[in-house]
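Chemist: The chain contents come next:
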Amino acid sequence: MLELVDLSKKFKQNDAVKNLNMFIEKGEIIGLLGPNGAGKSTAISMLSSLIEPTKGDVRFRNKSMIKHPAPLRNVIGVVPQEIALYEDLTAEENMQFFGKIYRLRGIQLKKKIDEVLEQIGLTDRRKDIVKTFSGGMKRRLNIGVAMLHDPEIIIMDEPTVGIDPQSRNYILETVKRLNKEKQMTVLYTSHYMEEVEFLCDRIYIMDKGNLIASGTKDEIKRILSAEKTISIQADRWNDEFIEELKQNPTVNRVTVGEKEITIIIPREVNMFAAIIKMAENADVELNSVDVQTPTLEDVFLHLTGRALRD
Amino acid sequence: MIGILQAKFKMFLRNPWTFMLFTGMSIGFALILGGSGLTTISVPVYSENEEMQQSFISEKLEESDAFTFNWMTEDELKDEIANGRAEIGVILLEHDYRFIVGVDSPNRSMLEQTVRGAYVEKFQQDNILAAANATTDAEKETVLENLQETMESPVFEMNRSSFRSADTFVYDDTFQRLFGFTLFFVIYTIAYNVLPILVEKKDGLWDRVILSPVKKWEMYVANLIYSFFEGYLQVLIIFLIFRYWVGVDFHGRFLETLLVLIPYVFSIVALSIFITALVKNAQAFNAIIPIISVSMAMIGGAYWPIEIVESEFLLALSKINPLTYGMEVLNGIAVYGYPLEELVFPISILLLMGVVLMGVGIHLMERRHV
Ligand SMILES: Nc1ncnc2c1ncn2[C@@H]1O[C@H](COP(=O)(O)OP(=O)(O)O)[C@@H](O)[C@H]1O
Ligand SMILES: [Mg+2]
Chain R
1 MLELVDLSKK FKQNDAVKNL NMFIEKGEII GLLGPNGAGK STAISMLSSL
51 IEPTKGDVRF RNKSMIKHPA PLRNVIGVVP QEIALYEDLT AEENMQFFGK
101 IYRLRGIQLK KKIDEVLEQI GLTDRRKDIV KTFSGGMKRR LNIGVAMLHD
151 PEIIIMDEPT VGIDPQSRNY ILETVKRLNK EKQMTVLYTS HYMEEVEFLC
201 DRIYIMDKGN LIASGTKDEI KRILSAEKTI SIQADRWNDE FIEELKQNPT
251 VNRVTVGEKE ITIIIPREVN MFAAIIKMAE NADVELNSVD VQTPTLEDVF
301 LHLTGRALRD
Chain P
1 MIGILQAKFK MFLRNPWTFM LFTGMSIGFA LILGGSGLTT ISVPVYSENE
51 EMQQSFISEK LEESDAFTFN WMTEDELKDE IANGRAEIGV ILLEHDYRFI
101 VGVDSPNRSM LEQTVRGAYV EKFQQDNILA AANATTDAEK ETVLENLQET
151 MESPVFEMNR SSFRSADTFV YDDTFQRLFG FTLFFVIYTI AYNVLPILVE
201 KKDGLWDRVI LSPVKKWEMY VANLIYSFFE GYLQVLIIFL IFRYWVGVDF
251 HGRFLETLLV LIPYVFSIVA LSIFITALVK NAQAFNAIIP IISVSMAMIG
301 GAYWPIEIVE SEFLLALSKI NPLTYGMEVL NGIAVYGYPL EELVFPISIL
351 LLMGVVLMGV GIHLMERRHV
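Chains as they are written, first to last, in the working numbering: chain R, 1 to 310; chain P, 1 to 370.
Just to be clear, a hint being listed does not mean it is correct.
[Stated by the list, open to error] List of simulated lysine to aspartate or glutamate pairs, EDC-like, C-alpha gap at most 20 Å: (1) R/LYS100 x P/ASP207; (2) R/LYS12 x P/GLU94; (3) P/LYS10 x R/GLU92; (4) P/LYS201 x R/GLU87; (5) P/LYS10 x R/ASP88; (6) R/LYS67 x P/GLU366; (7) P/LYS202 x R/GLU82; (8) P/LYS216 x R/GLU52; (9) R/LYS131 x P/GLU200; (10) R/LYS10 x P/GLU366; (11) R/LYS138 x P/ASP203; (12) R/LYS131 x P/ASP203; (13) P/LYS10 x R/GLU87; (14) R/LYS100 x P/GLU218; (15) R/LYS259 x R/ASP283; (16) P/LYS201 x R/ASP88; (17) P/LYS202 x R/GLU52; (18) R/LYS138 x P/ASP207; (19) R/LYS176 x R/GLU28; (20) R/LYS138 x P/GLU200; (21) P/LYS202 x R/ASP218; (22) R/LYS67 x P/ASP203; (23) P/LYS215 x R/GLU52; (24) P/LYS10 x R/ASP128; (25) P/LYS280 x R/GLU82; (26) R/LYS217 x R/GLU243.
By construction, these hints were calculated from the structure, which means they are not laboratory data.
My request is simple: use the sequences and hints to build the entire structure.
Modeler: Here it is in structure tokens:
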């Protein structure tokens, strides 16, 4: 239905997005995962025709949308990364404003507002001024006003940044429900891999403007199929132990945290006994040693050598 | 577009405090600092010669805008001064005058000019009558009538750029303060109404509108109309209060005064857009606005008359300052009483500045924030 072909954007010398290829089918929830500065927002802006790509194409129903984006604009709802609302107006007044710019009027507008307020759980706060809302409520309204014109595709740019876990769950559940009940197609951007893992059918992972992996959750995790992650926990480390791990030829990667060291080793190797021995030699008192099933975080770590979150 | 304006007005009604603050400050400063100018200064006057009260001199003194002359006896006059009810008294002689000074103040030299002016004119008239050999009353009448007619259709005319009969610069406090503070404070009101364009664009609010069937230019137009409206509403309220409550008479040109405020407000809206396009963020804007408005007020004649400014450099700067032209048109109408046609030049400059700054401003904004 919607396709990005070699989409690229250069800001002066900075390649914000490089040759991004992506497709979205009707009814899917697609995740776009990447750390800050990966180029997610830039990609979304090009997709929704807000900025012009330096190179590449956005195709909707097999037509290029670069020069004539109207057909696409009519069917998308965009939830920007910032709270894009009139904070001095009430929730309802904001909805009236954003409904009116989509030519909704009178009874039709009123009904739609009631419906969306119900969906985002703000019905009893409709008369309150947005400025007085909590971060989570603002986020919900930010999503709500993008749904008034019944978009076929909703594009969300990090809709859960900076809010409490409860609001976050509420939003995730709402997105899932909209997708199930109304067959709404969703493009969900985030730097939280748990969210993307929970919501999405297919995932694209970006880093520094590049697409570094894509596919279903299982497909992506299979990237790590040749390896496994072991988590070693202790109250304190010493250099001798860390050095020993790093020197070990079977260990592919060592990441040192305050109370946790993760190492990546080939799947077939069993290092359990060896690790215990190393710890004894170096006088490190271990709390536990676990083999972990890989997460998207591990995939990102594997591909880039850095953690997803800074 | 109507929807955008509706939203803006709703926000204004919900939160009119900034607007009211700046309106109140304009009125307050103009009233407090310009207080003395609102009433004329009363001057006791006495003459031994009873006829002086109906003389040419007395008539001339009555014409003064700044002073009201009250006739009284010599004792009463001395009493007024002694009790401090008046600063200065005047005793009129036939060819000369005396001042009785209680408190020496800047008003004294102005009073002296007024009184001397009257005597000089009287002296000139007497000389003309003598030259025309007029002795009887009827003859004098004819000569004076002829003189009057000739004066009204002169062979050539000299225009004086300063106000009132005396050939000196007169500082009209009321108008100076009223115009100065109004034009100064309205810059803030307008600027703080243009700033949201920057904030709303950054937050993506404009992007939402752009994706809808509403066009981007409608968003610009609605925002600019709204800023203009709020700025104009402020000056309108201030001037109405001064006209009908304080009772300042705009020399019968009140409507024209309101009219010539339009190009000024327009140019300030444009200037605000221009500044908004140049700054990085709202903090920078908030830091720069007071600097710009205060400098504009200082070199544009809002705090003190532009006539006081002597530096060539500052005078050159004042030529690119909309406030200078704003003061010029307002003073032109209400103080000097020029007809509108004579103010076409400053009005055109204001409109031109408005169009250019707005065009460049919007262009820059579009290029930078994309
Ligand atoms: N308008 C812009 N001008 C210049 N550089 C930009 C602009 N927008 C984004 N960038 C740069 O492009 C890169 C990607 O940014 P962005 O798309 O916002 O990443 P993300 O949304 O994944 O955090 C960053 O390095 C950012 O600094
Ligand atoms: Mg982003």
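Chemist: Quickly compare the C-alpha distance for P/LYS201 and R/GLU87 to 20 Å and report which way the hint goes.
Modeler: Given pair P/LYS201, R/GLU87 holds - Cα atoms ~14 Å apart, limit 20 Å.
Chemist: Are R/LYS67 and P/ASP203 close enough, with their CA atoms no more than 20 Å apart?
Modeler: violated (25 Å)
Chemist: Take the C-alpha atoms of P/LYS10 and R/GLU92, compute the straight-line distance between them, and say whether it is at most 20 Å.
Modeler: OK: P/LYS10 and R/GLU92 at ~12 Å, within 20 Å.
Chemist: Given the hint that R/LYS131 pairs with P/ASP203, does the C-alpha gap stay at or below 20 Å?
Modeler: holds (15 Å)
Chemist: When you check the alpha-carbon spacing of R/LYS138 and P/GLU200, does it fall within 20 Å?
Modeler: holds (15 Å)
Chemist: Would the pair R/LYS259 and R/ASP283 pass a check requiring their Cα atoms to be no farther apart than 20 Å?
Modeler: The given pair, whose Cα atoms are some 15 Å apart, holds under the 20 Å limit.
Chemist: Keeping to a limit of 20 Å between CA atoms, is the pair of P/LYS202 and R/GLU82 held or broken?
Modeler: Holds - the C-alpha atoms of R/GLU82 and P/LYS202 are around 8 Å apart, at most 20 Å.
Chemist: Given the proposed pairing of P/LYS216 with R/GLU52, does the C-alpha separation stay at or below 20 Å?
Modeler: holds (16 Å)
Chemist: When you check the alpha-carbon spacing of R/LYS138 and P/ASP207, does it fall within 20 Å?
Modeler: holds (18 Å)
Chemist: Please verify whether P/LYS10 and R/GLU87 have alpha carbons no more than 20 Å apart.
Modeler: With a Cα-Cα distance of about 12 Å, the restraint between P/LYS10 and R/GLU87 holds, given a limit of 20 Å.
Chemist: For the pair supplied as a hint, P/LYS280 and R/GLU82, is the alpha-carbon distance within the 20 Å limit?
Modeler: holds (17 Å)
Chemist: Does R/GLU28 sit within 20 Å of R/LYS176, going by the straight-line distance between their CA atoms?
Modeler: holds (10 Å)
When each numbered hint is compared with the structure, violations occur for hints 2, 21, 22 and 26.
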